[in-house]
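Visitor: Using the hints, position chain B against chain A.
For the protein sequence lines, the chains are A and B, in the order given.
Residue numbering for the first sequence follows this note's numbering, beginning at 1446 and increasing consecutively.
Residue numbering for the second sequence follows this note's numbering, beginning at 2 and increasing consecutively.
These aren't lab readings, by the way, just hints derived from the structure by calculation.
Wrong hints could be hidden among the right ones.
Said to hold, decoys possible - Stretch-level coverage of chain B by chain A, calculated; a stretch enters the list once three of its residues show a Cβ under 8 angstroms from a Cβ in chain A:
#, stretch
1, 59-70
2, 83-93
3, 99-109
Stated by the list, open to error - Sample of chain A residues facing chain B (criterion: CB under 7 angstroms; computed from the structure):
#, residue
4, H1577
5, S1580
6, N1581
7, L1587
8, G1588
9, G1589
10, Q1611
A quick note: this is a predicted structure, and the numbers were derived from the prediction, not measured.
Ideal Cβ positions, reconstructed from N, Cα and C, are used throughout, including at glycine.
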Amino acid sequence: MHSATTLLPDRPTADDASLADRATFVRTEAIRLIEIAKVGHYSSVFSAAEIFAALYYGVMRTDSANPAWADRDRFLMGKGHAAVGLFPILADLGYFSREVLDSYTRLGSPLGDHPDMTKVAGIDFSSGSIGHALSNGLGMALGGRLAGRDFSVFVMLGDGEMQEGQVWEAALAGAHHRLGKLVAIVDRNGFQLDGSVDDVIGIEPLGDKWRAFGWEVHEVDGHDASAVRDLLRALAERPADAAPSCVVAHTKKGKGVAYMEEEPGWHLGYLVPADAEAAVAEILEGGRA
Amino acid sequence: MSATLTEGSWQYRGLNAQNPGLDHLSDGLLDLVDAGHPVVAGTADLQYSNGLVKFAERHPDRFVQFGISEQNMVSAAAGLATTGAMPFVATFASFLALLCCEQIRMDVAYTKLPVRLIGHHTGIALGFYGTSHHATEDISTMRAIAGLTVVSPADGPQLRAAIRASAEWPEPIYFRTSRGRDPQVYDDDVVFEFGRGIEHSTGTDVTLIACGTQVHPALRAAETLRAEGLSVGVIDMPTIKPLDRSLVLAASERSDIVMTVEEHNVLGGLGAAVAEVMAEAPSRARLVRHGIHDEYSLIAPPTHLYAHYRLDAPGIAAVVREALA
Chain A
1446 MHSATTLLPD RPTADDASLA DRATFVRTEA IRLIEIAKVG HYSSVFSAAE IFAALYYGVM
1506 RTDSANPAWA DRDRFLMGKG HAAVGLFPIL ADLGYFSREV LDSYTRLGSP LGDHPDMTKV
1566 AGIDFSSGSI GHALSNGLGM ALGGRLAGRD FSVFVMLGDG EMQEGQVWEA ALAGAHHRLG
1626 KLVAIVDRNG FQLDGSVDDV IGIEPLGDKW RAFGWEVHEV DGHDASAVRD LLRALAERPA
1686 DAAPSCVVAH TKKGKGVAYM EEEPGWHLGY LVPADAEAAV AEILEGGRA
Chain B
2 MSATLTEGSW QYRGLNAQNP GLDHLSDGLL DLVDAGHPVV AGTADLQYSN GLVKFAERHP
62 DRFVQFGISE QNMVSAAAGL ATTGAMPFVA TFASFLALLC CEQIRMDVAY TKLPVRLIGH
122 HTGIALGFYG TSHHATEDIS TMRAIAGLTV VSPADGPQLR AAIRASAEWP EPIYFRTSRG
182 RDPQVYDDDV VFEFGRGIEH STGTDVTLIA CGTQVHPALR AAETLRAEGL SVGVIDMPTI
242 KPLDRSLVLA ASERSDIVMT VEEHNVLGGL GAAVAEVMAE APSRARLVRH GIHDEYSLIA
302 PPTHLYAHYR LDAPGIAAVV REALA
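This is chain A alone, in the form it adopts within the complex:
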């Protein structure tokens, strides 16, 4: 059972400028793909763009030529509705073609609103029903340790997702089984469908909750891609039997398009081409700032 991992390749090494560029790419591509579907989760992607970029261009060991590589790092999304921000990265890294990317949501496409591991190379676990992903990742971390493999499992959770009871079942078990390779990343953008998380069902003090559950907690500016990269790279090196880590990433829902930052309704919506163009221009302008 213990087939020790040997000679893992280096982690990706994107510098600060290219990480920022890739985060901009996530936002503009999400706008472009949502134009195809004519509905999509803009602001959920925008809060997570730097985290996606940091993970795939600066932290995770992956191999698009061998998506099932047993030693790869894993990424799971509890907030699967932000997958339209991840698909462009997977295409960019060569998991599938631009043609496939542009089939987003069309009849028979592998790419829908939520990520599907049975259809999309590079997706480590399917999601869509909020609250499962940390448990799925927990199982992966258990399996990796049993098999003597050194991969890390990053699980992005929405802050609204903290309201799901199963998350806390997994939090208890992750700490109890000391799964040091399990990293939860909470996209603390403050909003969910019905309003502010604090108004719907409050979750603070969030860091204290995770600490009380036995996790090592870190807080980071989720839009500082370089800081996210450096933190996650460090956490990926923790021993397999350490306490698991939780990163509370402070983000802005809709980050990059001013009117979305002010209006939680943009969790789901559609921009006609003229407005999409203006939003892209604003994002590009912000990306250069």
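Guide: Relative to the frame of chain A, chain B by itself:
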């Protein structure tokens, strides 16, 4: 300090010693490990109830205690399966097939991961523990999940054989098992084949199609009825999905009545699965579905409940006589 107790007193951790039938689950898993399979077993605070304590003692590194978090256990089993492990997770059927229904659908079945779910203490086996602990809907919910195989072994040896055979079965599986006190139907060397019913006998008056704990009383009821001059066949249908259609159709050609017997609501269970096959094909026989008729069970010791719901041998024989009258 241990108290000196009178013979007959017992406590929870003595369940296995008291009830060797519980060993079959662990024994099946140990067979798989011995054959080189990467088994990982999980429990949700019920290792003495399901007998996994035996497996845990032999292979502590392959055993995961999840505590009272059934949904977490099922989702984690799916994650484990992605790493090449062969996870078996067990809890009471009422919790597994109802509380975790959505995790099974999304994380296990839709993803096509080879997770093995063991729902134990099915039906009304938990007697006076009450409705929360009864599982009379699990066949129905699990059967409706696309891509999920549903197996209801008749006894411990058949369960152990089915677990061994599962190594070659690529689909996720829901095993519906009882509480390890079931009378034995098969010898220890019984072989299990997924998707195949077992024809114990054939008859022209009635064919009983039973699954799980109902196979043994169905066989005994048939003996009683034969002594009364009736021609009675018995089929054990351990794989409820995919169902052995040809065996159902053969019985419906041969017999006046096909009667399903299950420790489950007649809505959605084995009776419904057989009805679907018979309704879609020319069928000579009339179908009678025997089981729990869309109600919640009374409180009583299990044997009293089986008698009350006519799910023991005399009860099954009585239902057959009424159907033929």
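Visitor: Would you mind marking each hint as holding or not holding in the structure?
Guide: Hint by hint, here is what the structure shows:
Figure legend: the stretch 59-70 of chain B, annotated as covered by chain A; annotation consistent (6 residues with Cβ-Cβ distances under 8 angstroms, at least 3 required). Coverage of the stretch 83-93 of chain B by chain A holds [criterion: at least 3 residues with CB-CB distance below 8 angstroms; count 5]. With a cut-off of 8 angstroms between beta carbons, the stretch 99-109 of chain B has 4 residues touching chain A; three or more are needed, and the interface restraint holds. Interface hint status for H1577(A): upheld, as the beta-carbon distance to the closest one in chain B is roughly 5 angstroms, under 7 angstroms.
Below 7 angstroms, beta-carbon pairs count as interface contacts, and S1580(A) has one with chain B at about 3 angstroms; its hint therefore holds. For N1581(A), the suggested interface contact is upheld, since its CB lies about 4 angstroms from the closest CB of chain B, less than 7 angstroms. Because the closest C-beta pair between L1587(A) and chain B is about 6 angstroms apart, less than 7 angstroms, the hint holds. At about 3 angstroms, the closest approach between the beta carbon of G1588(A) and any beta carbon in chain B falls short of 7 angstroms, and the interface hint on this residue holds.
At a threshold of 7 angstroms, the smallest CB-CB gap from G1589(A) to chain B is about 6 angstroms, leaving the interface hint in force. With a least beta-carbon distance of about 5 angstroms to chain B, the hint placing Q1611(A) at the interface is held under the 7 angstroms criterion.
Violated hints are absent here; each numbered hint is respected by the structure.
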